[in-house]
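Chains as they are written, first to last, in the working numbering: chain A, 1 to 251; chain B, 252 to 502; chain C, 503 to 736.
There could be a bad hint or two in this list.
[Stated by the list, open to error] Where chain C lies over chain B, by a calculated footprint (3+ residues, C-beta under 8 Å):
hint	stretch
1	365–377
2	388–400
3	404–416
By construction, these hints were calculated from the structure, which means they are not laboratory data.
Note that CB positions come from ideal geometry on N, CA and C, so glycine has one too.
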Amino acid sequence: MATEISVEPGTERAAVGEPPPAVELRGLRRDYGELPVLLGVTLSVPAGQTLAVLGPNGAGKTTLLRVVATLLRPTAGEVAVLGAALPREAWRVRGRIGFLGHEALLYRELTVRENLRFNARLHRLDTAEEAIAAVLRGAGLMRRADDLVRNLSAGMVQRAAICRAVLHEPELLLLDEPLAHLDPDGAGLAGRLIGPRPGRTRILVSHDTEGALAEADMALALRADGTVGYAGPAAGLSPGDARAIYAGRDR
Amino acid sequence: MPLPSLRALAFATPVAVAAGFALVFFYAPLDADQGFVQKIFYLHVPLAICALVGFVVAGVHAIRHLRSGDPVHDLRSYVSIHASIIFGLAVLVTGAIWARASWGQWWVWGEPTLVSFLIVFLLYCTYYPLRYAIEDRERQARYASVFAVTAGAFVPLNFIAVRMSESLVHPRVLATAEGGMPPRMWLTFLVCLAGVALLWTTLVRFEIAAKLTSAKLSRLRRAIEGTDAPAPSSRIAPSAQPRPAGAPESV
Amino acid sequence: MPREQHVPEGAPVSAFRTVLAKDLRVELRTFESVPAMALFSVTAFVLFRFGLDRDQLEGGLAAGVLLVTVLFAAILAINRLFVAEREQGGFDAIRLAPVDGTALFAAKVVALVIYLSALELVAVPAFAILFMDAWSGLPALAPVLVLANLGLAVTGALVASIAVNSRARDLLGPLILLPLLVPVMIGAAGAAEPLLAAGGPSFDDLGRWMALLALYDVIFLLVGYAVYDFLLED
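Turn these sequences into a full structure, and let the hints steer you where they fit.
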């Protein structure tokens, strides 16, 4: 029961007055060399909602996130992000997406603050210093802001990476296991920074099935072979069903 | 402007090559300095010209590939480089034979064309390790095209540089008739050039046709067998297959 | 193909400055590249002294030893710069931002030119002390080295960007790079040979060789500018 909104990627739904979906996938396929990683994902995420992406290792969750982030181009199928058709119009949405992957994307020989300034300049933020101070406070990193990333613990690095991802107030936030390495305090702080917010659409990849489904509006469950087990409202997928898809028992 | 068909080329090539050989052995005059050995010039120089033009042609195909993304242009670029490398090897071998017969040495640094050729040949040999080292097909083709464009721009530059590096006093080792070639030599040379050019074009067209046909064959085979698995093919040779059509997943 | 970037005015300069400042800051903090290049060069000179069994060099031999050493030191720096960037996810971070690919290319080229110039400030005097009697031709070497550095940097940045995303990146980079640098070697050595001649420098052909180097630099800058965006897409 895919929630299919049959709209050409990139067109406005002016008649109804609703904004276009933040993310639209139609038959998305991505190969790695000769092997298919994602096979025919079709899904539409309305603006402002949260999508939880679940699945076992190797199911293609990270690949999906990277395609939506414009870092990978689809092998086949159609992808539209914030109204722009990828990969042709990727330049239109760069700067409006926040991405938190497995790598922190921070330079080890720079301090946290220097890393954030680097990103702020690349994104041409006007009030860079205020924005940097705000995210540092939000992540509880004010005291460590001038330490080299090399000298931080994994949890601090993760918090710094979260700062980097949300610094430019992106409309679309892509999160791959955002709470990895975080202790309960850190997770609480981080949760507020990356939590739902008006005007912000989120895609969340997580192994914590219950937690992710609890805060999601929509859910996508991938099987180990990259096919779609479930794509639709989060309410329609129970944790039990999700576990079955994980274990490959749903067919 | 329709290109000559493969059949027409296949007829014309042996005719031209045979005519060239006949002229070389029965018509062209003997060189005063070098004697019979000089006749290898009629093979060596046309091979060199065709190989170099072939490298530049590969660069042009690569530009078209980058601009359009159509894998057919990548196939043409790949095959052009393939043929030119083979011809390049022949250039080096015939050049060495000529040098050995004329000067008693298997290699002469004093012949700028031969030296330039060695450099260009060494450069284009790296085309294959480059393609092998990138697994993602689409990126492999794109990077190979960037290489072909860069190397294509390099070829004339390299020839200028090597020419300049040769002392103006040192005579060209393998040059013929300082005062220009007599008409009988010109005619023989032009016919040989035409023959080698036709040979290059025929080989390239033949290889492209073979690859396209085998790609079509494997597509048909897969359609009949109903499998979606990609056919085992060379890791690097462009398959010129269109991107697989995305199939929307129905849940 | 997304060639138009539609970024506001002044943006490419800002991205260029940002990336360049970052690389220079990291280098000044860690001293990873330039000291290693300098040390490598002096050690190479010692090897040449014994390999060639010569303790005085002039003319073509001097030019060759100096330039080949600088070239190999350049390969060290080029490798380091790009592999470090890739390891820390730099390419991803830059691609996620509204940044023109050519700004990244320009920043890397300028960083390499700076590193090479810093290296030569150490290596050329070291070379002169170790091998040469008469030093009067050395100042004229400076503009030659500037043009050669630019050629090394442009081609190096282009090839490293190709190689760093492939599997055998340590090997593939130099393999592709060395043939492409032959014209730089020809031009720089052609210019340096009369400058380092035993009987004193001669400036006869200097213009020709510098013109060759300049031509190389212009062509490869244009090629790099034209194709770099295609290397950043994925």
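Of all the hints given earlier, name the ones this structure violates by number, lowest first. The structure conflicts with no hint, since it agrees with every one listed earlier.
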